[in-house]
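Please build the complex by placing chain F on the supplied structure of chain L, with the hints as guidance.
Chains as they are written, first to last, in our numbering: chain L, 1 to 438; chain F, 1 to 438.
Keep in mind that the hints were calculated from the coordinates and are not lab data.
Since the structure is predicted, the reported quantities are computational estimates derived from the model, not experimental observations.
Don't be surprised by glycine CBs; every beta carbon is placed ideally from N, CA and C.
Cut-off 25 Å, straight-line C-alpha distance, at most; resulting in silico cross-link-like pairs (DSS-like, lysine-lysine): (1) Lys-165/L - Lys-206/F; (2) Lys-165/F - Lys-388/F; (3) Lys-206/L - Lys-388/L; (4) Lys-206/F - Lys-388/F; (5) Lys-206/L - Lys-391/L; (6) Lys-206/L - Lys-165/F.
Distance windows between CB atoms, simulated: (7) Glu-392/L - Asp-302/F: 37 to 47 Å; (8) Thr-148/F - Ala-253/L: 20 to 30 Å; (9) Asp-302/L - Gly-196/F: 23 to 33 Å; (10) Arg-68/F - Thr-41/L: 36 to 46 Å; (11) Ala-315/F - Ala-253/L: 37 to 47 Å; (12) Asp-302/L - Glu-125/F: 45 to 55 Å.
Partial chain L-side listing against chain F, Cβ under 8 Å, derived: (13) Leu-161; (14) Ile-169; (15) Ala-170; (16) Cys-359.
The chain contents come next:
There are 2 protein chains.
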Amino acid sequence: MTSLNETHDPALSSWVESANSADTDFPIQNLPFGVFRRAGTTEAFRGGVAIGDQILDLAAVRTARAIRSTAAANALRAASGASLNALMAMGPDAWSALRLALSRALRAGSPAQVKLGGALVAQREAEMARPASVGDFTDFYTSIHHATAVGRLFRPDNPLLPNYKWVPIAYHGRASSIGTSGQRFARPKGQILPAGANTPVYEACKRLDYELELGAFVGIGNALGTSVPMDKAERHLFGLVLLNDWSARDIQAWEYQPLGPFLAKSFATTISPWIVTMEALQPYRAAWTRPDGDPQPLPHLDSPDNRAQGAIDIALEVWIESERMRGEHSGPSLLSRSNFRDSYWTWAQMLAHHTSNGCNLATGDLFGSGTQSGPRPEEGGALLELSKGGKEPVTLANGETRSFVEDGDTITFRAACMAPGRARIGFGACAGTVMPAL
Amino acid sequence: MTSLNETHDPALSSWVESANSADTDFPIQNLPFGVFRRAGTTEAFRGGVAIGDQILDLAAVRTARAIRSTAAANALRAASGASLNALMAMGPDAWSALRLALSRALRAGSPAQVKLGGALVAQREAEMARPASVGDFTDFYTSIHHATAVGRLFRPDNPLLPNYKWVPIAYHGRASSIGTSGQRFARPKGQILPAGANTPVYEACKRLDYELELGAFVGIGNALGTSVPMDKAERHLFGLVLLNDWSARDIQAWEYQPLGPFLAKSFATTISPWIVTMEALQPYRAAWTRPDGDPQPLPHLDSPDNRAQGAIDIALEVWIESERMRGEHSGPSLLSRSNFRDSYWTWAQMLAHHTSNGCNLATGDLFGSGTQSGPRPEEGGALLELSKGGKEPVTLANGETRSFVEDGDTITFRAACMAPGRARIGFGACAGTVMPAL
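Just chain L, with the same shape it has in the complex:
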């Protein structure tokens, strides 16, 4: 893994004033990548980097010739198009070179400020696009707390299956319906077996849920027939986003045997638009351990580096804003908090496992972490858990209750890495709104 370098220095400040605020998600130590254009225009989408409440327009940085190092300039060219795939394909040395150059250019006192003053676009004036073209989307299941809680609802006597502690369980997801924060979609219809019935009906989902996940974008792929070993796995990952794996629980319950979830999840998946690079997350790496008595992973899923710092301390939050809350201007209501540090499996293990049969990953592939629930019941990363399968509705700040997501609800995920003496590394928002079924 990359070690700390000058870009991580918590003392750095930027000539973009809003980046120096203690509560910004995007200080100069973060520098996440996205794809944007000015909202309401037909401008070309291009790469940008979030800095405070602004976006540094990477196409404009190129035009301004504000970056001198050849490695960084090559990466900048790759990052200034309508998707980040070209940058992602270049690998970690190129990503680091560009990060370093942008960090230097955005620092307080940088001579580049003169050239780059015109390269800023306010985030509130921007329209964000999907940051990369996604080939295959794989959704993991890395929270043992989620797996146990959900398993208990379906199989009270046998909540956690015997493979869970050995296999980073995953399934292939649907790539075409991945959208970006702000996505609005119609409540899905589907086949549902009403309680006590023998015959299913085709109707609007009644148990619509979110799933709080992180997503990881694959940067460099591997050839078919090769496996990526643990000690190289993270070099293949470009960075992380928030990911909402919207789920229709009633459709899922009827369809999922024996081949797993399909239409229950393929109608929409929402990601946050800013990819926080693995390098930016480096100060928040943490030891990865197994609870006492649990088996250690098989050798191909184990490494000293993974044990030392395979985990990442990322605080996660889920908020809901209902139609009524919007009318009352009461603001959204917190649904839960959890932390990615509690994941049972690490990104390196997910990637090593995924390629352990020779499967080829490609630039732009997306991994979902699976729902990130914490050990306590109130840390459930889905309403299914918080409401005990719908039996104990959750009370919101304004007195409304929810068993599942209702029409008009906006679900927003937020996440940040925070620690005393370190720069806050935030993810921005991942928001999606459910509209009535068509």
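Below, chain F without anything else, positioned relative to chain L:
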């Protein structure tokens, strides 16, 4: 659905002599599309149409200006690049116009023969590429005979799950590892739980299997949030290929609960290189019925046209050639025959179901039909069925036996539509060879 037209006339013959042989897969009534170049060269891959033992080079047809109708010429331009996606995106009217123009140009006595004599490349001298860039790959499970036989191995008391007769069961598959006939791949490794053990091992698969499937390429997609109704569903499909959904049964058994198959199938999927268009298959449409006593499909999966001609009569074969057979020059040995007519669900039902929750399909998406097993035990579309889960090895023509696929084995699928008084519509070969694990 398209009705019969002059391109289906069994009396048509071609000035390409080999297309007039009674046993060719590619008579002038077929005209399947693929992507090729001359083997051993660095020529650009381009679209072609199989005719007898030749390929009509569509880029050369363009250069020769042998096609006059505007609609056909536009489709020809789209078909002459390195993937067929552009043609597939144009829709059935364009596909039909091009088919008609090619049929007329290739007919015995066509004045186009003079211009097109130089546009032929022998199939034996060609290297075939994946015919389209695949976005999402969805694998269905449409053979009730396969579902019952496999279910019996895993759940003797409850072989067929209650949702089977209502839901065209499917899961998302891996798109990146789809290869074309001739694919050679290393036996996958993976986590396997040895019989009687509590701790899994990571080792080479011991129960490697094929699955005999058809694949369907989506031509025109649909927007996110929309559903394609049954009576429009087939207009979205461009055509069919053979598909081998290679499966590692021991990896599958350990990993598949609760989210379905993952690494057991993501190491390789092989398709045949020639896409037989839905229009070419039109003479072999057949009534689709349910056995007495089975429920009829829900209204959104039902239509008069689907009942009248939703099925397709396609005879399927599986052949094996072992290392020893190659040494003995004894030729391959037949493993099984079955027919796609026995599928419990039709393509229209698969597509309508897939979009019934608003999921968006895109040009180049690939559907697998699921293993096509017939009603009789010897019609099993996978070794798992033929060998009763490995307990009763199959005896091959040269006396060798097989419970599962061994290193060096080449598995070849062949398929054809055949009926008295109608032209044979064949699929060519879908062959893949298993190499030793790395």
